[in-house]
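*Asks:* Chain residues, written in single-letter form:
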Amino acid sequence: MARRPIEPLLWLLFSAGGMLAALLIPILLVLFGLAFPLGWLSPPSHAHLVAVLGHPVVRVGLFLLCTLSLFHWAHRFRYTLYDGLQIKHLNELINPLCYGGAIVGSVAAGYLLWRIP
Amino acid sequence: MNQPPPYRAFHPRWYRPRMSTWWWLKRRSHVAFILRELSSIFVAWFVIFFLLLVAAVSRGEIAYWEFLSWAARPGTLLLNLVSLSFIVFHAVTWFNLTPQALVVRLRGRRVPGPLIAASNYAAWVLLSALVAWLVLGG
Amino acid sequence: MADHITLQLARYRPEAEVEPSFQEYEVPCREDWVVLDGLNYVKDQLDGTLSYRWSCRMGICGSCGMTVNGEPKLTCATFLADYAPGPVRVEPLRNFPVIRDLVVELGDFMRKLTVVKPWIVRQVEQPLSEGEYRQTPAQMDQYHQFSMCINCMLCYAACPVYGLDPHFIGPAAIALAQRYNLDSRDHGAAERDDILAQHEGIWSCTFVGDCTRVCPQNVDPAGAIQRYKVKAATEWLKGFFLPRGA
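Chains as they are written, first to last, in my numbering: chain A, 1 to 117; chain B, 1001 to 1138; chain C, 2001 to 2246.
Everything labelled a hint here was simulated from the structure, so no lab data went into it. This list has only true hints and no planted wrong ones.
With a Cα cut of at most 30 angstroms, we get these calculated DSSO-like pairs of lysine-lysine:
id: 1; chain 1: B; residue 1: Lys1026; chain 2: A; residue 2: Lys88
id: 2; chain 1: A; residue 1: Lys88; chain 2: C; residue 2: Lys2231
id: 3; chain 1: C; residue 1: Lys2117; chain 2: C; residue 2: Lys2231
id: 4; chain 1: C; residue 1: Lys2117; chain 2: A; residue 2: Lys88
id: 5; chain 1: C; residue 1: Lys2117; chain 2: C; residue 2: Lys2238
Could you put the whole structure together from the sequences, leaning on the hints where they help?
*Replies:* In C-alpha cells form, the structure reads like this:
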C-alpha cells in the first residue's frame, strides 16, 4: 500500500480513550468534582495527594487517561460535527482543530504531570 | 468507490428531500445517539478540570485548597454534575455496546453478549474501588 | 375491534406535482391482515393508480419495505391490528429517491452490493478432481448470521449517516462483505479491505445502531461493521509493529 491509512489508528485511539474514560472518569469526577468540594468525604491531605499523583505508575496512568480521553473527544466530536451540523465539507478545518486540540492537550497533560513535585 | 451515486443532479422526476439539521430530534433512538456523542465534550472538560487540579497540587497546599473551593462554587458544581451524568451515560452505552463489537469464541462456542458486558461492569466497579482506595489514603 | 382502519398513503405523481401529498383510504381491518393486505385492497377496490412494490408477502423477498408511522418496516410483516384505531401513515422508504407514490429508486444500493465482491474469492481454485469445498458446522456458524440478509434496505432507511451522505457504502453491503470475509472458503479479505477501508466505507459509521434494530432477519449489520473496525485496527497494528512479518 502506498500510503498507510490513518483512520484505523484514529479509531483505535478513540476506542481506547472511550474505554478508559468510561472506567476511570466517573469515580474521579465523583471524588474531585462533588464529594471533596461538598465535604461528603474529607479530602485527602495535600501531602498524600502529592505522594499518590507523583508516583511514576500513577503519572503514566494519568497521562494515558488524559491523552486517550482527548483523542476520544477529538474523533467523536469530529463526526458529531459532520453528522449533526452537516459541515463535512469543512473537514480540512475540523480535522486539524480536533486532533490538533487533542495533541496540544496531551502535551499540556504531559508537562503538568511531569511537574508534580 | 469515490464515484458519486448514480443520481443526476437535476433529475426532474425523482423526489429527494433534504435532511434537516434537526433530523435527530425526530426519533428517540437518534436523540439518545446524539446525546451519547455529545458526552465526548464533557470527557474533554474532565481532562481540563483534572489538569487544573494537578497544576494546583503542584503549586502548593494553599493552591490545592483554593482549587477545592473553586470546585465547590455553584457554577462549577453544576457543570461537574451535568458532566457526571453525561459520562455515566457514555459508560453505560459503551459497556452495553461492547459485545456487538467484540465477538469472543471459546472452544468453538460464542461467549454470550451479556457476559462480556457484565465483565466490563465488573472492571468498572473494581477500578473505581481501587482509585477511591488510592485517593482516600489507602 | 373496529372493522375498518384509515390508511394515509403518500402519493407522488411526478407528471403532475413537485412534492408528495397524502391521500386517505378506509380499508377493512381484519385480525390477520398486514399493511400490504391494506395496500392491495386499496389497489384492487379503491384506487388502481397506487404504485408500490411487493412480491412474496411472507418476509423473504425484501421487496415491500416502506416507512410505516415513521418506522422502516416490511409491510407484509406489519399487522394492521397493531395500529388500531389508526390512522396508519405509509410513506416510501427513507433516504432513497422517490420515483412514484411508494416506489423508490434502488440503483445506488444495488451497485454498492456488487462493489464489495460478494462471491468466493480464491487464491488458487481447487481442481474438480478434489471434489467440493468442505466446511464444518462451526465454520459455517462464523458467517451464517450475515448470510441471512434479504436485501430489503430497511437498514439503509434507518441509517442517518446514509441519509446525510449517500456516498456511505452502508450496513447491508458491509455485512455482505463480512459474510464472505468470515467464510472459510474465501481468500478475498484483502481485496475487500481496499474498498471498505476508505473513508466512505466502514469509517463513516458512527455506530448509531438503528440498522440492527430494524433488521427483520437479525443480521446485526452494526455488529458486522464494528467487528470490521476492530479487525482493521488490529491489522493496522500488526502492519505497524511487524511490517514484514505480518
